[in-house]
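The whole structure should be built from the sequences, with the hints applied where relevant.
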Amino acid sequence: MRKNILLIGVGGQGTILTSKILTAGLVELGFDVKMSEIHGMSQRGGSVTTQIRYGEKIYSPNIGEGEADIIVAFERSEALRGLPFLKQGGTIIVNEREIYPLPVMTGAIAYPDNIIENLQKTVGNVLFLEADRIATELGNIRAQNIVLLGALVAFLSLDGID
Amino acid sequence: MKIEIMTGNEAIARGAYEASCHLASAYPGTPSTEILENIAAHYADDINSRWASNEKTALEIAAGASIGGMRALAVMKHVGVNVAADPMFTMGMTGVEGGLVIVSADDPACHSSQNEQDNRLYAPHAKLAMVEASDSQECKDYIKAAFEISEMFDVPVLFRMTTRVCHAKSLVQLSDRQEVAVRKYEGKPPKYSMLPVNARVRHAKREELLAELEEYACTSPLNRIEWGKSKKIGIVTSGISYQYARDVFGDEASYLKLGLTHPLPSKLIRAFCQDVETVYVIEENEPYLETKVRALGFSCIGKDKLPLLGELSTSIVRKALTDRPDPVVYESEIAAPPRPPVLCAGCPHRGYFNALRKRKRDIVAVGDIGCYALGINEPFVGFDISLCMGAGFTVPIGLAEALKKQGDPRKVFGMLGDSTFFHSGMTGLVDVVHSNANVVLCILDNDITAMTGHQANPGTAVSLTGEPARVISIEAIVRASGIDDDRLRIVDPIDQAAMDDAIDAGIKAEGPFVIITRYPCALIKEVARTFVGKYCVIDQDKCTRCKSCLRIACPAIALKDGVIRIVDRQACTACGLCMQVCKFGAISKVGE
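From first to last, the protein sequence lines are chains Y and P. So that you can map any letter, position 42 of the first sequence is 42 in this note's numbering, and since no number is skipped, the others follow by simple counting. Throughout, this note's numbering is defined as the position within the second sequence, counted from one, plus 1000.
Heads up, none of these hints are tricks.
Counterexamples of contact, computed for chain Y against chain P with all Cβ distances above 12 Å:
#1 GLU130
#2 ALA135
#3 THR136
#4 ASN140
#5 GLY150
#6 ALA151
#7 VAL153
#8 LEU156
#9 SER157
Derived lysine-lysine pairs resembling DSS-like cross-links, with alpha carbons at most 27 Å apart:
#10 LYS1232/P <-> LYS1267/P
#11 LYS1319/P <-> LYS57/Y
#12 LYS1583/P <-> LYS1534/P
#13 LYS1303/P <-> LYS1231/P
#14 LYS1231/P <-> LYS57/Y
#15 LYS1589/P <-> LYS1358/P
#16 LYS87/Y <-> LYS57/Y
#17 LYS1002/P <-> LYS57/Y
#18 LYS1404/P <-> LYS1508/P
#19 LYS1589/P <-> LYS1547/P
#20 LYS1358/P <-> LYS1547/P
#21 LYS1303/P <-> LYS1267/P
#22 LYS1319/P <-> LYS87/Y
#23 LYS3/Y <-> LYS1229/P
#24 LYS20/Y <-> LYS1525/P
#25 LYS1534/P <-> LYS1589/P
#26 LYS1583/P <-> LYS1560/P
#27 LYS1229/P <-> LYS57/Y
#28 LYS1191/P <-> LYS1127/P
#29 LYS3/Y <-> LYS20/Y
#30 LYS3/Y <-> LYS1002/P
#31 LYS1229/P <-> LYS1303/P
#32 LYS1002/P <-> LYS20/Y
#33 LYS1560/P <-> LYS1534/P
#34 LYS57/Y <-> LYS3/Y
#35 LYS1232/P <-> LYS57/Y
#36 LYS1404/P <-> LYS1360/P
#37 LYS1583/P <-> LYS1542/P
#38 LYS1404/P <-> LYS1358/P
#39 LYS3/Y <-> LYS1319/P
#40 LYS1305/P <-> LYS1319/P
Simulated from the structure, these hints should not be mistaken for laboratory data. Glycine included, C-beta positions come from ideal geometry on N, C-alpha and C.
This is the structure in structure tokens:
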């Protein structure tokens, strides 16, 4: 058994922290785990991707196109960027939050307005979450990433993870 | 002992600790930076660690420690090895006392670098031993092996990593530190004073030792054959490429997995290649292993099928070397909007580039390596050229001569940051002043090495390990180089009137002129704390939607549904640059 998980978001959203928490849990469960991330521009508003692979024995730390069992998009349009990585029949969890990239903010290009419909049409298994609303209801808007982690773990059907 | 999940960089730090490394020095550079940060954070009691002002000084500090009897580590990114090449090549001749390991963190595909270069080629050129790891466990174990090899064969070891090995996490079995004493220093002038008479002797000795090391490499546990179910395909590989090969071929192929990759083990390679039907060589960038395999007389499949450029991946290897189909990919009708990295809200460089843009017709600008490289993007397009660390101050000298010769009246501006100034901008300043070059040098001082994630530099008041450090004054160096006060401006780059005035004075000046912009990086924790609760607001009654404020490309300001707002109050630092570009007085500060 091997599982590939891809997390994609915008610098500052906590994708890397979320990956670290998940990875620590998977190690405790006794899996071989590899996690890959590219640093550098993450604090400067760029797109951030982390990839986690676990199973009995893992070689490459990276996930290729069409190979991710589950994608968690921390931002709505980032789901589009992550989509090519999704395996046929895989699940994509999308935080509905919009974070405008600079070309959108300056009016140079438009932010796509039909992402949800488009994803529903393209992918069978898609879950939309208002992680910011849920986090606010739970008492801290900054816990959005933990809400997304919760949804992800539910889909992984892992037993014994705290 | 404990198993932990670590990045390659964390594992290198751990390995240095376990191997009883005594001193480590580095200049920060992605993807290598976290190695020294981890040594300082976790092993400061056992390893003397420090940032050096550049990679050459970092290696020379480590060289001194090694000659003095310590186990020493020097760490840098691939282009840093170019800077350190001078001492590295000569240390290849002298050899070492305490083990000396040089970590080269290469960046295939240029994730965050100005070029793509395969530093494996340095090992034969500089006559060093070379070790390559393919995951974090090997990073830790092989660092220990590298110190031993260095001492056994009296040679510095080039420890070659790549971005994916540095930044990927995998499981590591920890061990205890094995205490190794500092060797007693005994002066050996013939070995370490590289005058021609000694250098010739050392070269002969090096060739002898390399021959012995090659014998060792044939039986070293770092080089291993993994027989699969079949000998039809035999794969020669090293580093991260091994992982991709394994993913594609599994147990169906056999592997010669190389970890000690200079000198390459001829006998072992020959034995493996003779025993398999078809040889595949799987490696990123240059055909380093392939050239050796071919030189030994074996035909192989390698760069004829695999790309020379960029990184490999499981899918690239699968596509190139098998006829298995690619996985089916979901395609969406709409594309994700591009999300380029941008200067942060409150970044001082925005003020500098905004002022520079206003005088664009009169200026040709040369950039350098740092956050300010983002000034190349729209809407600023702040410079025409950026080459390497320090070139922001020296390229202008020659460029100004070229423009003068063709009657182009524009003034050449060079720019670099505070850390880059200490790295290799200081010598450029000296060249400018001494040759009376007609150029303007701008030092963008944000009080930190920002791009790599806030490392200390000679201009900051603390060291890598958090100790108080003597601050080297940039303006004192500038003045001591012969720049008088009438040729020097120290300005707040957010203050556009002062910035405009300084740039105009620079354009008008005959001969060298220096502008120091001084304003801290908005991401420095102590600085960010002072912004809490402060932000700008736009009075919608006064706003004419002229979009002037959007043209400073601040990620806190956005046009949404026809209205311009400060959309991210948390990110806004109330720096006030947008207030200065608004002609209608529509923007004001809150929270002051």
